[in-house]
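Number of protein chains: 6
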Amino acid sequence: MYGDIKLFAGSSTPELAQRVADYLGIPLERVDLIEFPNENLFVRLHRSVRGQDVYIIQTTSRPVHRNLMELLIMLQTVRLDSAARITAVVPYLCYARSDKKDQPRVPITARLVADMIQVAGADRYITFDLHAGQIQGFFSIPGDVLTAFHLLRDYVQGLIPQLHRPVVVSVDLGFAKKARNFAEALGLPIAFVEKRRLMDGSGTEVLSVVGDVAGRDVILVDDEVDTAGSVTNAYRAVKQHGARDVYLAFVHPVFSDPAIDRLSALDLKRIITTDTVPIPEAKRARLGDRLVVLTIAEMLGEVIRRAHEGRSVGALFNE
Amino acid sequence: MYGDIKLFAGSSTPELAQRVADYLGIPLERVDLIEFPNENLFVRLHRSVRGQDVYIIQTTSRPVHRNLMELLIMLQTVRLDSAARITAVVPYLCYARSDKKDQPRVPITARLVADMIQVAGADRYITFDLHAGQIQGFFSIPGDVLTAFHLLRDYVQGLIPQLHRPVVVSVDLGFAKKARNFAEALGLPIAFVEKRRLMDGSGTEVLSVVGDVAGRDVILVDDEVDTAGSVTNAYRAVKQHGARDVYLAFVHPVFSDPAIDRLSALDLKRIITTDTVPIPEAKRARLGDRLVVLTIAEMLGEVIRRAHEGRSVGALFNE
Amino acid sequence: MYGDIKLFAGSSTPELAQRVADYLGIPLERVDLIEFPNENLFVRLHRSVRGQDVYIIQTTSRPVHRNLMELLIMLQTVRLDSAARITAVVPYLCYARSDKKDQPRVPITARLVADMIQVAGADRYITFDLHAGQIQGFFSIPGDVLTAFHLLRDYVQGLIPQLHRPVVVSVDLGFAKKARNFAEALGLPIAFVEKRRLMDGSGTEVLSVVGDVAGRDVILVDDEVDTAGSVTNAYRAVKQHGARDVYLAFVHPVFSDPAIDRLSALDLKRIITTDTVPIPEAKRARLGDRLVVLTIAEMLGEVIRRAHEGRSVGALFNE
Amino acid sequence: MYGDIKLFAGSSTPELAQRVADYLGIPLERVDLIEFPNENLFVRLHRSVRGQDVYIIQTTSRPVHRNLMELLIMLQTVRLDSAARITAVVPYLCYARSDKKDQPRVPITARLVADMIQVAGADRYITFDLHAGQIQGFFSIPGDVLTAFHLLRDYVQGLIPQLHRPVVVSVDLGFAKKARNFAEALGLPIAFVEKRRLMDGSGTEVLSVVGDVAGRDVILVDDEVDTAGSVTNAYRAVKQHGARDVYLAFVHPVFSDPAIDRLSALDLKRIITTDTVPIPEAKRARLGDRLVVLTIAEMLGEVIRRAHEGRSVGALFNE
Amino acid sequence: MYGDIKLFAGSSTPELAQRVADYLGIPLERVDLIEFPNENLFVRLHRSVRGQDVYIIQTTSRPVHRNLMELLIMLQTVRLDSAARITAVVPYLCYARSDKKDQPRVPITARLVADMIQVAGADRYITFDLHAGQIQGFFSIPGDVLTAFHLLRDYVQGLIPQLHRPVVVSVDLGFAKKARNFAEALGLPIAFVEKRRLMDGSGTEVLSVVGDVAGRDVILVDDEVDTAGSVTNAYRAVKQHGARDVYLAFVHPVFSDPAIDRLSALDLKRIITTDTVPIPEAKRARLGDRLVVLTIAEMLGEVIRRAHEGRSVGALFNE
Amino acid sequence: MYGDIKLFAGSSTPELAQRVADYLGIPLERVDLIEFPNENLFVRLHRSVRGQDVYIIQTTSRPVHRNLMELLIMLQTVRLDSAARITAVVPYLCYARSDKKDQPRVPITARLVADMIQVAGADRYITFDLHAGQIQGFFSIPGDVLTAFHLLRDYVQGLIPQLHRPVVVSVDLGFAKKARNFAEALGLPIAFVEKRRLMDGSGTEVLSVVGDVAGRDVILVDDEVDTAGSVTNAYRAVKQHGARDVYLAFVHPVFSDPAIDRLSALDLKRIITTDTVPIPEAKRARLGDRLVVLTIAEMLGEVIRRAHEGRSVGALFNE
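Chains as they are written, first to last, in my numbering: chain A, 17 to 335; chain B, 17 to 335; chain C, 17 to 335; chain D, 17 to 335; chain E, 17 to 335; chain F, 17 to 335.
Everything labelled a hint here was simulated from the structure, so no lab data went into it. Backbone N, C-alpha and C define an ideal beta-carbon position, used for all residues, glycine too. Treat the hints with care, since some could be wrong.
[What the hints assert, rightly or not] From chain C, some residues computed to sit far from chain B (all C-beta separations above 12 Å): (1) D20; (2) E51; (3) P53; (4) N54; (5) R60; (6) P79; (7) L91; (8) M132; (9) G137; (10) D228; (11) E318.
[Stated by the list, open to error] Label-pair distances were calculated between CB atoms; the ranges are: (12) D:E51 to F:G231: 22 to 32 Å; (13) F:P53 to A:E221: 16 to 26 Å; (14) A:P274 to B:E221: 38 to 48 Å; (15) F:P53 to B:N249: 38 to 48 Å; (16) D:H180 to C:D118: 47 to 57 Å; (17) F:D20 to C:L49: 45 to 55 Å; (18) F:R327 to D:I50: 52 to 62 Å; (19) D:V222 to C:R46: 38 to 48 Å; (20) E:I42 to F:R327: 38 to 48 Å.
[What the hints assert, rightly or not] Under 8 Å between C-beta atoms, here's a sample of chain F residues computed to sit facing chain A: (21) R60; (22) R82; (23) E325.
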């Protein structure tokens, strides 16, 4: 209907892109991605994509702005080359936490990013586990917002027999509802870590745990781990409230400094995540065997195939 | 800078609009709002608004679609009459709960409503306590998303001396973070009502309370009360967990059937809300003295004045 | 070229939609159309429409705003589900009489409706007998504006042998040119009913008939009958000028109150119309055998088929 | 509010523009309007219009496309020079008769012209007596669609004492409603000229007069006179039906060939029109004293002044 | 993918269009192109283009504005008839020299033209040798900007064996880089004609030649020849500097007056150009055998075929 | 007209911004510019800009993408805070050399950047010496494209008395026309450096000088110096052709590696540039006294003042 699938990879996540290509049984399209000495990027397709159904895989983790700009330039390039349909495939969407004005005179950068992706030429987008589902409404174009919590859930399900009275704990109250869904799917109880400032003017922050964790194994959940500050707090809070072993599950391993230092310092039994963001080898090494990286490649490949063939994507997940 | 303030009221909430006009010390502009026998609406301004700074106050509670269409027609009318700047003032924005695709093949109607308000001609918007703050990002135009929780907080603050070990309880997990902010501002602890389906295939829903409510007076909080189903559940759950007196605070009194029946059946000590949605006299009567309606009129009037004069609105709330 | 035809029906006119589906030999797509207690509507498609050629049949008669909003939400839903092409099929388009500013400070609501249909996601539209053909120019998207006067003409043609010196009479001067075309196609003469206010300051309205109706059977024609006020006036005017039997032909049976009372009170030999607007059974019963409802279903089905196949629609009517 | 009025004249109608400038007591802005040997036009403003309220007067009569392009280039030039507000003042809007698809596979060129005026940079427009009022809805921007029928009416009012049983006759059925309004305002009866093809396959066109003209003085009315074909037909038809003296009143003297030949050949007592389109001296000479050209300059000047000052334009006409 | 190729020709260049059709082995679509007495143009397609892949060939040489408007109307007509994809094929794009503001308060008319082509409905465009390649960036839609310098180069290549120490000379410094590319491809040296005003206040223009032309045969190159003023200057300058025979090569034969007079007066050995602009027979006759017109028809036909089939166009030229 | 001037500085060029503020006699607005550990940027205005006339000064030199994104976020922030008018002041616009498709399947990134600046919220822009003037046409919004060649010219003018038979030499043929203008303004002759590949298949590049430089002092000119590769080539070419002393003048000191190494290695008498791009102290030190940096601050300040007051900017330069 829209020609053939043409799969491109930006420079952010070549391994994931290759896995998707392997799943689909097609090659990655060849493209020159050049950075000039003045930092300006340049793109040149080796073959024309006229009338084709183009998918550009580029995650927008660090270097964030370079990766974002590379994505935008690739989108424009295939648009100007008269592609029939263009899908931006962005496993991790940057700036998703800047999604509302919760104080005056600040930006909503996630909306700006959505606008940029559209003005560059995307007809559709595919992404994973947006910080807030409402970000879908920032786009005028259709998109598939997929979830990798299926993968995390299945993995944790396999751990449960070894766990002692396990409880799911939401690292952040903004994640409460999704944490509950995760717990519900596993048939586990839920608790919450709450952080607040004392109103005595001292600015002191106090952590408390709402719900029951004493004597239980805890599965901390969140959507992403950035500097691991919240995770560290949550770890300490549940330990103070008598938790036994602690596990950590989340989708996006952003791992900004000092995340690895912090995570290394905690006695986490497992750090379960996905490859929406590539984890450099050095960081992997420091986390060792505790780190479990589940791949989204098959899911992504299948969604691209179905999107191309005009079949239901929702059906894929039995939703 | 944009001419004079011209304040219009749609037919949804004449009392609130008059109060805002009184606060500003200006009259409401005269306008014919006509419904023809075929239900088509018609608008005719009595005076020109060329080059003026127009504010149209219209809440989009029931009759929802008629009120929304009336707002849109008014917006277009003042636009075609060459107003300099047009602000849609919508204390309660309809369809705000349809703000994301949480299942496949459903709409994001809040985005559609935002698009309609813009295409009709609004240059700016003002609203209160959106179900999700991210809805701001659905608009391309600037807006002021105000909160009436200040009003609720001040009222509850006055009650605290009479309460026994009070605790704030979030009716819904999606409201957890805002409930925490509310509790934090009052210096009170927080608990959550959690609802989940049993995974045994029976579809049974089970309510539990996460956190401590036993022997405490409870302040249930939420952003709106629609049919009062969640409130009823939360009331029962906290009572089962040993709560003493129960109070209810929320911004938008949507009060769809059977909300009044349900609320009347509960032993709520106070039902504290605002006038973002008008409450018909019959409904007020049934709730009696327990109902406390705080007015947003002064806040709204002051925001309009500052927006007109190009002064900070954030400063108003000392944010 | 755009996948398969997927035919949806809004809740306004299920019978017509079913007839179109029958004509095309395909089923209506299954969709949940839900109204929540707060009047907010919700749509959920049972199957994906990715890459398909979608037609949504929804007339915008009463409840006007609910039907319009339902149409818009359906349009957005299929757009967000990545339909390849979306056609809004609106047999009767609301607000078509608000098509120009004939006085200052009023809206052009038909343009607003066109904008809304586009912003919701329609790529094309199909409608019947717009009040003014110029409304086509309110849309940026292509559309097929069909006419059901063919059906009325054929029916009246069959009556002519029984009529005595028949004359076509235009109920309204704004309809003069189309009435002339109708008369020309039938080979009949034409006359006009003219209404004007006396310039003596009394505001009295005077009806006159321009053209010859004395001793003739009269076929009153108009595009729609709303409250039947104009029809009643025209009926009386032609009777006063000596008309014999009177027939009435028009496309859109809007039938707002008190249309049925008024039509029942007139000695009309036939009331010939179509099913662009559904007529409730109670209203049908009161008009009895005089009411003749011609169906547009085959025409609509054929136009959809041809639009889907990329064949000429104009050719269908030998225009 | 938008700086000072800056009035520009395109090359189409310098006399009218000068009169408007005189009325407003301001000079026409100086601008170079150059045509290169390759027909490309070039515009250069002598002074900056940054932050000013610009009005560009350009009628789009012949040379139609050159005049239209000159208008568009002027609009873009003042836009790129950062004018605060730009109004296209187009006394006669070309292509207004191409306002709907009354057959398949034809354009709606009036919409295209509206789009072009907007894309070039107009924020508002002012025009006179559009062929169909609905063309206002082709624009997204606000506009003032003025009528010069006030001028024609006042002039004809002055003639009435000398006329014998005068009757207004609409030259075209599409003009029937406006002709009725004109007659109503004068307190005169109305009749219509009807043209139709015989259905015998011969293609013969037959003219008839609906209404009473015998022994009466006739005032033919229309919105514009192009080749004067319809006027000639109408003249003959009313004469055949026994009319006495015939007068002609219309707003836009388009006067394409062979209009002057045709009008010269008819015994019209007066040819009453306006200066929305300039009439070359040679044509004026051939029509002689019978030609009465009423000027729209004062009306246009007053509307510009009021638009600039943010006062009501509707009020001007006591509508 | 987009239906069948449907090829239309505007009235500007019927011969070229026919050659393209012949190359493609398809007929030109039949269309009525009518000019009414009031100069308004009208278009009527004989057959529907629903769902087809439409190409409209129209060059925008003189009559420039009429040709441009005809193109725009044709674009809108096929858009409103629901074509699947529409490509404006404009061998010579008017106003391309008005491509920047090189002084204050002037237009960028080429951008305006690009906007007009898009707003009328083009999805893509094809053109030849834009005055500045940057004009591609004025369009939001994709396009193929082809070059006919391949044709000129091949022809000149054939001449070289007969030439004496040939040198390429750029007529204009703005063309310097392209002239160098042309020279490079031919393996010839390059020189430039430079024109400047004396700074002594006299306004005198002085021509000089930068580079070596003495005793050499000169090939003057430029992108277009309009009035031939620059060519005449360049001819004289190189002759004054001792050039032997002079040849002239350029893509667009605009030939505005007095181009033919001027060219006839020069002793040019060959005038080598293409058919992007049709040359009237009278003009051809005056230039006689020296005029060599190379046709772009095959290249254009092949590009259309490849664009239709979704194959690379760049590959065609081995770029 | 648009409130007061509010001047903001991004983090790219604080010194220039402060100088502009000093010239205008106003403070720079205070704003938090934060980079989070995940590289995401955040902006928070200290004071509201509602209804004000905002200018954001941010050059887009390295770090290019971070600077660009910071500019975009600042634009969105002031837009969402309801600024009346927003001007992006970008002394050096990144990606300006990616301004056309000079080969197939490449981007036009400068257009993308223009689109991004507009979608973020700029109403106007101000920049200096675009690589191609046509880039102005990439913007839909108005802008002031200023030139700093006035500054360079005045400086070189002062040098001329000490120079021996000076000649201006264009470093690049694409700069030929502007170099000529520069030479003309100084009353100096012109020459060009030409680079071409040998057509013998060896890929060898050969430099030649077109025009006369032997025994002359040479002023090399270009718009920017990036890696100084072209400058080095040009220097060598003119030296080989017998040039005496060599000076270098250009607007934008981009100075990507190894520019400083290269420039240091050449015997350039002066390196004359501006502060559109900040030059780090370390780089300045290596170039020593030969480096002359002229400031654009006064010019920029004056243009901002005039833009704010609605006065002519062109008049400033006596153009």
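For this structure, which hints from the list above don't hold up?
-> 2, 3, 4, 5, 6, 7, 8, 9, 12, 16, 18, 19, 20, 23
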